[in-house]
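Trainee: As given, the protein sequences belong to chains A and B, one line each in that order.
Residues 26 to 139 in my numbering are what the first sequence lists, from first letter to last.
Residues 75 to 189 in my numbering are what the second sequence lists, from first letter to last.
These are calculated hints, taken from the structure and not from any lab test.
Wrong hints could be hidden among the right ones.
EDC-like mimics (lysine to aspartate or glutamate), calculated; alpha carbons at most 20 angstroms apart, straight line [as the list claims (entries may be wrong)]:
no., chain 1, residue 1, chain 2, residue 2
1, B, LYS85, B, ASP130
2, A, LYS136, A, GLU28
3, A, LYS67, B, ASP137
4, A, LYS67, B, ASP130
5, A, LYS26, B, GLU118
6, B, LYS131, B, ASP160
7, A, LYS26, B, ASP130
8, B, LYS152, B, ASP137
9, A, LYS26, A, GLU81
10, B, LYS152, B, ASP130
11, B, LYS131, A, GLU28
12, B, LYS85, B, GLU159
13, B, LYS88, B, ASP160
14, A, LYS67, B, ASP92
15, A, LYS67, B, GLU118
16, B, LYS152, B, ASP92
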Amino acid sequence: KQEVTQIPAALSVPEGENLVLNCSFTDSAIYNLQWFRQDPGKGLTSLLLIQSSQREQTSGRLNASLDKSSGRSTLYIAASQPGDSATYLCAVRGTTSGTYKYIFGTGTRLKVLA
Amino acid sequence: GAGVSQSPRYKVAKRGQDVALRCDPISGHVSLFWYQQALGQGPEFLTYFQNEAQLDKSGLPSDRFFAERPEGSVSTLKIQRTQQEDSAVYLCASSSQGISGNTIYFGEGSWLTVV
Numbered sequence: 026k027q028e029v030t031q032i033p034a035a036l037s038v039p040e041g042e043n044l045v046l047n048c049s050f051t052d053s054a055i056y057n058l059q060w061f062r063q064d065p066g067k068g069l070t071s072l073l074l075i076q077s078s079q080r081e082q083t084s085g086r087l088n089a090s091l092d093k094s095s096g097r098s099t100l101y102i103a104a105s106q107p108g109d110s111a112t113y114l115c116a117v118r119g120t121t122s123g124t125y126k127y128i129f130g131t132g133t134r135l136k137v138l139a
Numbered sequence: 075g076a077g078v079s080q081s082p083r084y085k086v087a088k089r090g091q092d093v094a095l096r097c098d099p100i101s102g103h104v105s106l107f108w109y110q111q112a113l114g115q116g117p118e119f120l121t122y123f124q125n126e127a128q129l130d131k132s133g134l135p136s137d138r139f140f141a142e143r144p145e146g147s148v149s150t151l152k153i154q155r156t157q158q159e160d161s162a163v164y165l166c167a168s169s170s171q172g173i174s175g176n177t178i179y180f181g182e183g184s185w186l187t188v189v
């Protein structure tokens, strides 16, 4: 059974710092992995999608890497800003026949201090 | 519309009452997901539709939960005889592709409180 873990559960950093959020998963048979952002009281916004054949994806100040063999992904945020404060979730989609679900971690709550 | 729309945004139900939650996915999106999110937790999968076909309902917690998407667009999640443990945010998401995977777009959720 696929399990997704995110470390740390919460993080508070001063503005301008570069930071790394970690995501690990137990079953390496995945179609893809997505990183999402969730603001309080809101739905999820997809940040980056990495297909299983890819190693990384970049969008602006965000870079996500994927190491399928070790079951790990990292989300790197450069030059953090107060507006980056949110909960960041990773989710994986497995390849097991008949399985269509994305399995989510419990998220990392990020607070960037001005 | 431009995004995934869910209604109602907030619902307070008395225990034992039936509720229906509606999801309008992005026009033309093939895939539609329902998730349940408890406070402080990640979303938990409930069910998946590809067009009108419900291909995976393994996450529905009991036979009180029922979902449909009869014409392959709008979907309804129905909860019968609600119980306090059903209190959660119910999130709908859609995607333009099927199993191969693509960016998925979430609605803002329906917040259900059972009293």
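Trainee: Taking the hints in turn, state whether each one holds.
Mentor: Hint check results:
1. LYS85(B) x ASP130(B): violated, 26 angstroms
2. LYS136(A) x GLU28(A): Roughly 25 angstroms separates the two Cα atoms, so the pair is violated.
3. LYS67(A) x ASP137(B): Between LYS67(A) and ASP137(B) the Cα gap is close to 28 angstroms, so the pair fails against 20 angstroms, i.e. violated.
4. LYS67(A) x ASP130(B): Outside the cut-off at roughly 25 angstroms; violated.
5. LYS26(A) x GLU118(B): holds, 14 angstroms
6. LYS131(B) x ASP160(B): holds, 17 angstroms
7. LYS26(A) x ASP130(B): Status holds; Cα separation ~16 angstroms.
8. LYS152(B) x ASP137(B): holds, 10 angstroms
9. LYS26(A) x GLU81(A): violated, 25 angstroms
10. LYS152(B) x ASP130(B): holds, 16 angstroms
11. LYS131(B) x GLU28(A): Between LYS131(B) and GLU28(A) the Cα gap is close to 19 angstroms, so the pair holds against 20 angstroms.
12. LYS85(B) x GLU159(B): Since the Cα atoms of LYS85(B) and GLU159(B) sit roughly 14 angstroms apart, the hinted pair holds (cutoff 20 angstroms).
13. LYS88(B) x ASP160(B): holds, 11 angstroms
14. LYS67(A) x ASP92(B): violated, 25 angstroms
15. LYS67(A) x GLU118(B): The given pair, whose Cα atoms are some 16 angstroms apart, holds under the 20 angstroms limit.
16. LYS152(B) x ASP92(B): holds, 7 angstroms
Checked against the numbered hints given earlier, this structure breaks hints 1, 2, 3, 4, 9 and 14; the rest are met.
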